[in-house]
Amino acid sequence: MKDNSPSGPLTGYDPYADIYDVPEEPFGIPSAYWKASLILFSFVLMVATIILLMSGISPQVIGALYAIPAILFPYFYRRRGVLVVYLISMFFFGAVVIFRYPNTDDLFAAGLRAILLVAIALIVSYLTHYLLLEKRKYHAIFDNTENGVAVVDITTGHVTEMNQRFRHATGMPAQETDLITLEMFISDPSRIFSSLQSSCTSPATEATLRRCDGTNWAAVVVGRKISGNHAVLTFVDITEKKRLDGELLRLHEDANLYLDILTHDINNINTASLNYGRLLETRSADPSKDMARNLVRSLEKSDEIIKNISTLRKIRDGGANRIPIRLSSVINGEIAGFSETPIDYDGSTATVLADEMLSSVFANLIGNAIKYGGKEPQVVIRVEEQETEVMVTVADSGPGIPDNLKPGVFDRFQRGDTTVSGKGLGLFICKTLIERYGGSIGVEDRVPGEPGRGVVFRFTLLRP
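Numbering (our numbering), first residue to last: 1 to 464.
Quick caveat, the hints were computed from the structure, so don't treat them as lab data. A quick note: this is a predicted structure, and the numbers were derived from the prediction, not measured. Take these hints with a grain of salt, some might be off.
[To be verified] In silico DSS-like cross-links for lysine-lysine, where the CA-CA straight-line distance does not exceed 25 angstroms:
(1) Lys301 to Lys137
(2) Lys375 to Lys225
(3) Lys301 to Lys371
(4) Lys225 to Lys137
(5) Lys301 to Lys375
(6) Lys225 to Lys242
(7) Lys307 to Lys225
(8) Lys314 to Lys431
(9) Lys307 to Lys431
[Unchecked claim] Each pair of labels, with its calculated beta carbon distance range:
(10) Met90 to Ser58: 49 to 55 angstroms
(11) Arg79 to Asn229: 48 to 54 angstroms
(12) Arg79 to Asp105: 31 to 37 angstroms
(13) Ile315 to Arg210: 38 to 44 angstroms
(14) Thr201 to Glu435: 16 to 22 angstroms
Virtual Cβ for every residue (Gly too), placed ideally from N, Cα, C.
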């Protein structure tokens, strides 16, 4: 197996420089033997031409033999070969003139023969030159691609050609060798070979490859059969990607650990503090009661943030396992958590496809309606059953959301009313969950055209 890569990059390459020094080995025979044999044959042919013409042999018979040097000289010597063929053709024509004059038929035929030989030489020279340039161009592309590429005999497993990137990745020495097989790098390439033999292509396959020093590297291998029993295999090095994937997994596990601490340990402390605050609120007298109330409100906000983070984590950690859920049981359960505020809900018998986190949607929407609804908030919940889905509306009597803020109200860390403190995760969670269940959510004015008189959140849920 030979490394047939070009000596340098294609940039700055003169297509006519050193064109004659490119080795050619037709039928595996070194070009030096071909050239020496060609020169000897041409010399013998010219001597034989004189002898045969003197013997009366027709020049047409002799001229047919001149097609051999007319083809081979430009093949091996390119443009210089055309000059050699021209000189040989002139020798043939001159010999015919000397020995056949005044036979005009022979002279005319010999002249046409000489012109034809030069034309053949020009065509062969051009085609050989063009094919050589194409070969060098594609070898430059082959050798300078960022992925490893190897040409393999799929019947024997022998690697007949490889580019520099593959050599570098495998640690293969640059010297020529005929003993490289794909089994040296992949423990079991039979699956790739079987796919190539049956369908001429091999789908992307992740494999662990061995280097010459015994270390391993990871790659995605893609193959395509090109001709006969040969196939081109492309090796995309993913060693660094797998290392980064492992690092990301470790960071993800660390983040989950921190979230565990936040949502479990800190939440336990926060819950205890909230209970003590509420107890202090009921037993304190003014002005201590106001201070206790502020403490409770701060702890409730902290509790809301922790619950939102916990919900986001559950959303990110797994896909939706949608099951039939009675909608009223979820709504009534959340209404019970806001017992201090009257909520208008007339009930429903609808069943929807969701999971246990559906309650977070109502907790956030009802909580926002109460939080931004003023001193006496009015919250109205309605459920409308449709053919394939259920439409739910949650309306409030608060200050509403300006039209310019509505498009981004469900974005993370953005909220319609920016004058009230908060972390803005609630509506983002609502949108994420509703879309997770296969529905959609939107916001509009409670009174059309009057954004200052409350908002209505409408969302849909699929029916079983």
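The hints, checked one at a time:
no. : hint                                 : verdict
1   : Lys301 to Lys137                     : violated, 68 angstroms
2   : Lys375 to Lys225                     : violated, 76 angstroms
3   : Lys301 to Lys371                     : holds, 11 angstroms
4   : Lys225 to Lys137                     : holds, 21 angstroms
5   : Lys301 to Lys375                     : holds, 18 angstroms
6   : Lys225 to Lys242                     : violated, 28 angstroms
7   : Lys307 to Lys225                     : violated, 57 angstroms
8   : Lys314 to Lys431                     : holds, 15 angstroms
9   : Lys307 to Lys431                     : holds, 16 angstroms
10  : Met90 to Ser58: 49 to 55 angstroms   : violated, 20 angstroms
11  : Arg79 to Asn229: 48 to 54 angstroms  : violated, 37 angstroms
12  : Arg79 to Asp105: 31 to 37 angstroms  : holds, 34 angstroms
13  : Ile315 to Arg210: 38 to 44 angstroms : holds, 42 angstroms
14  : Thr201 to Glu435: 16 to 22 angstroms : violated, 38 angstroms
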